[in-house]
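Protein chains: 2
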Amino acid sequence: MIFLDIDDKNFDQQFAAILSRGEETGREVEQVVLDIIAAVRQRGDEAVLEYTNRFDRLDAKSITELQVTDEEIDYAFAKVKSEDIDALKLAVERVARFHEKQKQETWLSTEETDIMLGQMVTPLQRVGIYVPGGKASYPSSVIMNAVPAKVAGVPEVIMVAPTPGGEINPHVLVAARLSGVDRIFRIGGAQAVAALAYGTTTIRKVDKITGPGNIYVATSKKLVFGQVGIDMIAGPSEILVINDGSGTPGHIAADLLSQAEHDELASSILITTDRGFGEKVAAEVERQLAQLSRESIARASWDKFGAIISAANLDEVIEFSNRIAPEHLELAVSDPFAILPKIKNAGAIFMGHFTPEAAGDYLAGPNHTLPTGGTARFFSPLSVDDFVKKSSIVYFSESGLNRLGKDIIRIAELEGLEAHGKSVSIRLGGQE
Amino acid sequence: MIFLDIDDKNFDQQFAAILSRGEETGREVEQVVLDIIAAVRQRGDEAVLEYTNRFDRLDAKSITELQVTDEEIDYAFAKVKSEDIDALKLAVERVARFHEKQKQETWLSTEETDIMLGQMVTPLQRVGIYVPGGKASYPSSVIMNAVPAKVAGVPEVIMVAPTPGGEINPHVLVAARLSGVDRIFRIGGAQAVAALAYGTTTIRKVDKITGPGNIYVATSKKLVFGQVGIDMIAGPSEILVINDGSGTPGHIAADLLSQAEHDELASSILITTDRGFGEKVAAEVERQLAQLSRESIARASWDKFGAIISAANLDEVIEFSNRIAPEHLELAVSDPFAILPKIKNAGAIFMGHFTPEAAGDYLAGPNHTLPTGGTARFFSPLSVDDFVKKSSIVYFSESGLNRLGKDIIRIAELEGLEAHGKSVSIRLGGQE
Numbered sequence: 011m012i013f014l015d016i017d018d019k020n021f022d023q024q025f026a027a028i029l030s031r032g033e034e035t036g037r038e039v040e041q042v043v044l045d046i047i048a049a050v051r052q053r054g055d056e057a058v059l060e061y062t063n064r065f066d067r068l069d070a071k072s073i074t075e076l077q078v079t080d081e082e083i084d085y086a087f088a089k090v091k092s093e094d095i096d097a098l099k100l101a102v103e104r105v106a107r108f109h110e111k112q113k114q115e116t117w118l119s120t121e122e123t124d125i126m127l128g129q130m131v132t133p134l135q136r137v138g139i140y141v142p143g144g145k146a147s148y149p150s151s152v153i154m155n156a157v158p159a160k161v162a163g164v165p166e167v168i169m170v171a172p173t174p175g176g177e178i179n180p181h182v183l184v185a186a187r188l189s190g191v192d193r194i195f196r197i198g199g200a201q202a203v204a205a206l207a208y209g210t211t212t213i214r215k216v217d218k219i220t221g222p223g224n225i226y227v228a229t230s231k232k233l234v235f236g237q238v239g240i241d242m243i244a245g246p247s248e249i250l251v252i253n254d255g256s257g258t259p260g261h262i263a264a265d266l267l268s269q270a271e272h273d274e275l276a277s278s279i280l281i282t283t284d285r286g287f288g289e290k291v292a293a294e295v296e297r298q299l300a301q302l303s304r305e306s307i308a309r310a311s312w313d314k315f316g317a318i319i320s321a322a323n324l325d326e327v328i329e330f331s332n333r334i335a336p337e338h339l340e341l342a343v344s345d346p347f348a349i350l351p352k353i354k355n356a357g358a359i360f361m362g363h364f365t366p367e368a369a370g371d372y373l374a375g376p377n378h379t380l381p382t383g384g385t386a387r388f389f390s391p392l393s394v395d396d397f398v399k400k401s402s403i404v405y406f407s408e409s410g411l412n413r414l415g416k417d418i419i420r421i422a423e424l425e426g427l428e429a430h431g432k433s434v435s436i437r438l439g440g441q442e
Numbered sequence: 011m012i013f014l015d016i017d018d019k020n021f022d023q024q025f026a027a028i029l030s031r032g033e034e035t036g037r038e039v040e041q042v043v044l045d046i047i048a049a050v051r052q053r054g055d056e057a058v059l060e061y062t063n064r065f066d067r068l069d070a071k072s073i074t075e076l077q078v079t080d081e082e083i084d085y086a087f088a089k090v091k092s093e094d095i096d097a098l099k100l101a102v103e104r105v106a107r108f109h110e111k112q113k114q115e116t117w118l119s120t121e122e123t124d125i126m127l128g129q130m131v132t133p134l135q136r137v138g139i140y141v142p143g144g145k146a147s148y149p150s151s152v153i154m155n156a157v158p159a160k161v162a163g164v165p166e167v168i169m170v171a172p173t174p175g176g177e178i179n180p181h182v183l184v185a186a187r188l189s190g191v192d193r194i195f196r197i198g199g200a201q202a203v204a205a206l207a208y209g210t211t212t213i214r215k216v217d218k219i220t221g222p223g224n225i226y227v228a229t230s231k232k233l234v235f236g237q238v239g240i241d242m243i244a245g246p247s248e249i250l251v252i253n254d255g256s257g258t259p260g261h262i263a264a265d266l267l268s269q270a271e272h273d274e275l276a277s278s279i280l281i282t283t284d285r286g287f288g289e290k291v292a293a294e295v296e297r298q299l300a301q302l303s304r305e306s307i308a309r310a311s312w313d314k315f316g317a318i319i320s321a322a323n324l325d326e327v328i329e330f331s332n333r334i335a336p337e338h339l340e341l342a343v344s345d346p347f348a349i350l351p352k353i354k355n356a357g358a359i360f361m362g363h364f365t366p367e368a369a370g371d372y373l374a375g376p377n378h379t380l381p382t383g384g385t386a387r388f389f390s391p392l393s394v395d396d397f398v399k400k401s402s403i404v405y406f407s408e409s410g411l412n413r414l415g416k417d418i419i420r421i422a423e424l425e426g427l428e429a430h431g432k433s434v435s436i437r438l439g440g441q442e
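So the protein sequences, as listed, match chains X and G. Following my numbering from start to finish, the first sequence increments by one per residue and tops out at 442. Following my numbering from start to finish, the second sequence increments by one per residue and tops out at 442.
Please note that a few of the clues may not be correct.
Identical chains share a label here; the pair holds if one copy fits it or two copies do between them.
[Unchecked claim] Listed below are the simulated DSSO-like cross-link pairs for lysine-lysine, each with C-alpha atoms no more than 30 angstroms apart in a straight line:
#1 K89 <-> K145
#2 K416 <-> K89
#3 K89 <-> K354
#4 K71 <-> K354
#5 K232 <-> K354
#6 K215 <-> K19
#7 K314 <-> K89
#8 K111 <-> K314
#9 K354 <-> K215
#10 K145 <-> K215
#11 K352 <-> K290
#12 K91 <-> K71
#13 K19 <-> K91
#14 K215 <-> K352
#15 K71 <-> K145
#16 K416 <-> K71
#17 K290 <-> K232
#18 K113 <-> K354
#19 K113 <-> K89
#20 K416 <-> K145
#21 K99 <-> K145
#22 K71 <-> K99
#23 K89 <-> K290
Hints listed in this document are in silico derivations from the structure and should not be mistaken for laboratory results.
I would like the entire structure built from these sequences, with the hints used as guidance.
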C-alpha cells in the first residue's frame, strides 16, 4: 500500500502503476484463441468435445453428454442447505425487481398527423452466459447475468460453465434454475465462446454472450464481437472509497479488504480529506488482514495496488474520482446525496456509511457486473438494455411524403445519390 | 439478380452467397493498423502528422494547422446554397426532436423505507465522430452522429475527417456547425482513431468513437474497443422489401436501386407473396437502372447481390425477414401495422407504400446508422443511448443493512469470500 498526497507534484507518476495494472492481451493468447475458434467453426461439436475433454480432463463421448440434466439440478437442490437456497431466492427476487424498472417500452409518436415515428424494443432471441469454473464459479454471477436476460424477455438462455475434473458447483446449478436458465452445458474456454458465437449441431448460435472469464474467454469474446454481441470487456476489479473524515475506520478497512480478497490484481483505494482518518484505516487494514482466510491474496493486492490518498477538499476528491471512473465507488461521507450529482463516471455508487460494496454484490438489486479500469467513462452496468435491441419505425402517409419530399430530394442530390431522390420523386408525381 | 423461391429445397444454399458478402478483416490490414496505433501511442502528434501528410498528400507543419477554423466554416456557409442550408437545418431539427424522445431519466426507487436503489444517467464527457473523406463524405452522417451526442448532453464533440488533397466538403462543414460539433480536425484513417482513443498533445482522448469508415477505420475501431467505446461494427448496407402484391412495382424498384447505388457490395432483396409482382419489379429495375447516373455501381450491386424471392404467404416472408435481420426493412404491404409486432429483428422499419427508405436516411428523424449483415439481432440503431452511460445507486440505512445483512453474509460465505461478509457483519454488531 502506498500513501499519497493528491497535491504532490509527482502524484500522477506515483499513481500510474496502480492505474496500469490491467495487462493487454498478448498476441500469443490471441493466436491460441483464433485457432480454437477456427477449429470450432470447421468441425463444430467434434472440436468442442476434443478441447473440453483435453482442457477439463474429461472423457465425454458427445456434447449431449455434457449437457446438465434436470436430475443433476434436482440433486443440487437436495444437497444445498435450505438457508442457502432461501438466500439465493431472495437475491433472484430482488435483482429481478430492480431490473424490471430498467425495461423500456416501444413507443410511437403521433405528434404529426401525416408522419409517425417510433422505436420498437424487442428482446434478443437467444443468449449465452458464461460462468467460470472451479473456485471462481459463483452463483451470484449466474443470477446477475441470467435474471436481466429473463426480465428482458429472452426466450432462450444457454449457460456454459467448464467443469474441470467433472466438478460442478451445486450453488451454481441452484442459482441457474432459480434464475430461469434454459439449458446448461459443461463446456468452457474459447471453445464454448466459439460454439455460442457460430453454433454447432448441438449448441445453437446465440445473439449475445455475456459473463466473466479468464484471459482466454475475454479474448475470444472480443474476437467474436460483431458476429455476436458481447457485454463489456472486464479487467481486474477495483474500489474507490471517498471519505470526509466521518465514519468508522474499521468499516472502511473492511470494505477495502472485501475488494482486495478477490484477486491479487484487485485494487482498493481510499481518498480522504482527513489524513489522520486515512492512517487509522491503514492500521485497521493491517489488523483485519491477519484474521482473513484469504489473507495472502488480499495482502498481495493491498501491497501492490492499495493506496490511501489525502486531499485538501471534497472537490479535489471528486475530480479525482471522475478522472479514474471507478468500478465501485463508496461515498463514505456524512452527506452522500449532496455530492451524487457531481459524480460523472462510476459503475456503481454506494451511498453513506451503511452501504458496503458487498451489499451491492449479491442482493441489493443492481447488477454486480460493472465496468472496470476506467471504462465507466463509457460502459454501463450490465442491465436489461444488454438483452434487448431497438428498431426504428418510420411511417409516412402520402401527404407526409409530399410535405417533406422536396427536402429529402435536395439532400439526396447534394450527396450525389440520385436514386435516393428518385425513390421519393416517383411517389410524388405519379411519374412511374 | 437472382430469382429464388423460398420453398425450393436448395434455397438456403442459393441464398448463402448474398448473405456472406461481408468479408472478414484480414490479418494484414490488422497488422498495418496495429503499427499505426503503436506509432500514435508512442509519438503522438508527430506520428499523426506524418501519416496524415503521407496518406492525404498534405504538407502540414503541425496538427494545429489541421484544425478547421471558424473562418473556413463561415466560408462554407457562404458557398453553400441557402436552400441546401435550409434542408440540412430541417434535418438537424427533426433528428434532434426524434432523439430527444430517447432520453432516459435518472431514477431512484423509494419503495422500501430503509433502502433506496436507482440508476443515474450521465452523458459521456467527450466523443469523437469519424466522417469519411472524399466521395463518401456525407453531411447526413455528420448530423446522424453529432446530433444524438449533443441531445445526450455530451459537452465536447470532436469530429475528424480526412481531406485527401486538402479538399473538404462544404456541406459537411455546414452540417457540423448546425449539429453543434465543437472541434474539427482534417485527419482520418487509423491514425485519427488512435489519436482519439489514446489522446495526443493536441487531440484529447475521447470516451467513445462513432461513425462510418473504410476497412482501416473499422479495424482500428475494433482494436481500440475497450480503451474507448465504439458504435456498432458496420458492414455493407442492405435493404429487404416485404411485399404482398399490393403497391406499385416502379416504386419498389426505385427503393431497391436507392440501396444498390450505395456501393457494389450493397444488397437489395425483395420478398413477395406475388411472383408476378416480383417479375414486374425486376423489369422496372432494368428500366430505371438505365437512367441512373450511378448506373454502373447500382448494376454491379444488383447483379451480384440483388434477389427477388417468392414465398407462399406472409408468415413465411416474416420468418425469413427475422432470420436475416435486415438493416433496412420496408413493409410494402397493404396493412403494415398488422405485421409490425411479428418483426423480431430489423434496424429500421419503413411502413407502407409511401415510406421509401430514403425518407429515413435524411430527415424523418430516426438515425440512419443501423446494424448491418444480420447484426440487428443484437445491435440497435445509433441513438442517445450510445452517448450516455449509467451508474447504479445503492443506499442502505442501518436498518436496511440489519434487515438484509444475514442473507448477504450467507451468500458471501457460500462463495468463500469471507471479507465480503465481514464488511457487513462489522457494521451490524458493533464488533470493530
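Against the structure, the hints:
no.: 1; hint: K89 <-> K145; verdict: within (18 angstroms within a copy, 67 angstroms between copies)
no.: 2; hint: K416 <-> K89; verdict: between (71 angstroms within a copy, 21 angstroms between copies)
no.: 3; hint: K89 <-> K354; verdict: neither (45 angstroms within a copy, 41 angstroms between copies)
no.: 4; hint: K71 <-> K354; verdict: neither (52 angstroms within a copy, 37 angstroms between copies)
no.: 5; hint: K232 <-> K354; verdict: both (27 angstroms within a copy, 25 angstroms between copies)
no.: 6; hint: K215 <-> K19; verdict: between (53 angstroms within a copy, 22 angstroms between copies)
no.: 7; hint: K314 <-> K89; verdict: neither (40 angstroms within a copy, 60 angstroms between copies)
no.: 8; hint: K111 <-> K314; verdict: neither (39 angstroms within a copy, 47 angstroms between copies)
no.: 9; hint: K354 <-> K215; verdict: between (37 angstroms within a copy, 16 angstroms between copies)
no.: 10; hint: K145 <-> K215; verdict: within (28 angstroms within a copy, 38 angstroms between copies)
no.: 11; hint: K352 <-> K290; verdict: within (27 angstroms within a copy, 62 angstroms between copies)
no.: 12; hint: K91 <-> K71; verdict: neither (33 angstroms within a copy, 72 angstroms between copies)
no.: 13; hint: K19 <-> K91; verdict: neither (55 angstroms within a copy, 54 angstroms between copies)
no.: 14; hint: K215 <-> K352; verdict: between (43 angstroms within a copy, 21 angstroms between copies)
no.: 15; hint: K71 <-> K145; verdict: within (26 angstroms within a copy, 57 angstroms between copies)
no.: 16; hint: K416 <-> K71; verdict: neither (66 angstroms within a copy, 44 angstroms between copies)
no.: 17; hint: K290 <-> K232; verdict: neither (42 angstroms within a copy, 45 angstroms between copies)
no.: 18; hint: K113 <-> K354; verdict: both (23 angstroms within a copy, 17 angstroms between copies)
no.: 19; hint: K113 <-> K89; verdict: neither (35 angstroms within a copy, 47 angstroms between copies)
no.: 20; hint: K416 <-> K145; verdict: between (65 angstroms within a copy, 23 angstroms between copies)
no.: 21; hint: K99 <-> K145; verdict: within (22 angstroms within a copy, 58 angstroms between copies)
no.: 22; hint: K71 <-> K99; verdict: neither (35 angstroms within a copy, 65 angstroms between copies)
no.: 23; hint: K89 <-> K290; verdict: neither (44 angstroms within a copy, 68 angstroms between copies)
Comparing the model with each earlier hint shows violations of hints 3, 4, 7, 8, 12, 13, 16, 17, 19, 22, 23; every other hint is respected.
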